[in-house]
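**Q** Sequence:
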Amino acid sequence: MKRFFDAVSDHKLHFTWVLLLGLILHAIFALTDPLIMKLLIDEGLIQRNFKLFGLFAVMVVLFGAVTRGAFFFHELQAQKLRSKLSESLTVRMLRSYFELPYSEIVKSDTGYFVSRLYDEPTVVAQGIGTTFIGLCISVATLVVGFAVSVYLTWKITLLLSLIVPALFYLSSLFSPKIQAASENENEAQARLREILGRSVDSYKTVRVFGLYPSVQQRVLQHLQRYLGVSYGRIKTSGTYQTWSAICLSLAEALVLVAAGYEVVAGKLTIGGLFAFMSSFWKVIGSAKEVMTQVPELSRLNGCIGRLTEFEKQARLVERSDSKSIELRNVNFRYNAKNVLESLSLRIGTPERVLIVGPNGSGKTTLGHLMAGFLDPSDGAIRVPRLERISAMLAPFYFAPGTLKDNVNYDELTEEKRSLFWELVRRLGLEFKVEADASSELSEGEKKKCQIVMTLLKDAEIYVFDEPLANIDVESRDAIMQTQLEHTRGKTLISIMHGDEKYHGLFERVVALTTASVESA
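Okay, so the sequence shown: first residue is 1 according to my numbering, each after it adds one.
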């Protein structure tokens, strides 16, 4: 139960209001509707008091109209709650995503996290606003309807109550299985979205190299796994609902026979019979709703569990602050492969250091270690807090929006705005600042935008991973000069492959191999 309250913590008042409103409305309807029916028939029709019968008939019509309007109002409030919950849960998961360790981010692809950030919160929001509140309302209707039935004829109601232990047993038997199956289903769906996203991104590669059969096979494997898990959950839920329906059908048949006998024996009036049947069908209908909602509630509980797990996993690692970067005997393994081995390196402040090395020597990994995004597999590392570092690391993805959006232009001081336009003009981006940074720029323009963003941040250490990649020859000198000028008095670390002509601009050149580091 705590999971549900944690999920609605941002909207407790609205959730409580919608829940109480639904409980009150359905309880009133379950209590009043059968009793009005009894009065209408026994006091009006049977007694031939047609004025009273007409009055009661008008009351029935008015009561029906008012309750239908109230139910509609409640549904609108429930929809508002679902929308608010979907919004707040998505934002919570988004915040948690940006607090995940980078080592967790690289384990999965975009599609997987989209499912975790949007699909699962939406399922939970819909479930709380529909399944959980619906189950509470069904239980309330069941209790009130049962009480009215006892008032009208306790003997027949006793037959109906015999089915409760069987329903409770079935619920306790199947709920844990449904919850576990639901968690597996959500994970399989997230992985399916991940592989579909990667397949879509590889469009050109697939077309050029004829890889569709391989892509189809991988998608099919994930699709079959998801569909298999989904089928298993539906099968378990269906088995529970089938056995519950059999129990309810048995109770229904017994009650109908007993009610007919009570009327024939003169122990139940016609109005009482109509009232009892009205109450009885509410009890049966509510019981069937509970039968349907219990599996969904178990599934919802599994979904909430995944959100809770995601939030717990998302904890920023607190690092001790350091003025310099120091790595001692650092090893880094990825997928059981040594990327860096026995690496020792110290970079002081201020210092200009160039890191070079062949492909696969771990240059990009070293950049992530120095920025604090990765932790070594072995060895010790001391780096400054991220607030004191500005880094352009590969792969680099822009936040949604323009270059202006990516530097929070509206929040910049006048001094920072002047620096922004100076950098933009120097790198030839004057007419690109309003373009979408991800989709409307060339690769070279994107690289220049990344450099602007990195230099614009106030920091003590600046890290550039391949700053000249995709840059035209005419712009390279200007970019290197701009980096050196705007990081004067600060630590500059540039990671490059080749471009020997710029080695002389740095105080130290570090040659990186897969097993060692050497100063040149």
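Rather than coming from a laboratory, the hints here were simulated on the basis of the structure.
Fair warning: there could be bad hints in the mix.
As the list claims (entries may be wrong) - Keeping only pairs whose Cα atoms sit at most 27 angstroms apart, straight-line, the calculated BS3-like set for lysine-lysine is:
#1 K177 <-> K2
#2 K490 <-> K416
#3 K177 <-> K288
#4 K457 <-> K446
#5 K155 <-> K267
#6 K490 <-> K404
#7 K80 <-> K12
#8 K404 <-> K432
#9 K446 <-> K490
#10 K490 <-> K501
**Q** Holds or violated: are the alpha carbons of K177 and K2 at most 27 angstroms from each other?
**A** Roughly 20 angstroms separates the two Cα atoms, so the pair holds.
**Q** Take the C-alpha atoms of K490 and K501, compute the straight-line distance between them, and say whether it is at most 27 angstroms.
**A** 22 angstroms, holds
**Q** Verify the proposed pairing of K155 with K267, using a straight-line Cα cut of 27 angstroms.
**A** 11 angstroms, holds
**Q** Does the structure keep K80 and K12 at a Cα separation of 27 angstroms or less?
**A** Distance ~13 angstroms between K80 and K12 Cα, so the pair holds.
**Q** Has the given pair, K404 with K432, been kept, meaning a C-alpha gap of at most 27 angstroms?
**A** It holds: about 10 angstroms lies between the C-alpha atoms, which stays within 27 angstroms.
**Q** Is the straight-line distance between the alpha-carbon of K490 and that of K404 27 angstroms or less?
**A** Holds, at about 25 angstroms.
**Q** Between K446 and K490, is the straight-line Cα distance small enough, at 27 angstroms or below?
**A** 25 angstroms, holds
**Q** Does the alpha-carbon distance linking K457 and K446 stay inside the 27 angstroms limit?
**A** 17 angstroms, holds
**Q** If you draw a straight line from the CA of K177 to the CA of K288, is it 27 angstroms or shorter?
**A** 20 angstroms, holds
**Q** Do the alpha carbons of K490 and K416 lie within 27 angstroms of each other, as the hint requires?
**A** Between K490 and K416 the Cα gap is close to 18 angstroms, so the pair holds against 27 angstroms.
Hint compliance for this structure: no hint is broken.
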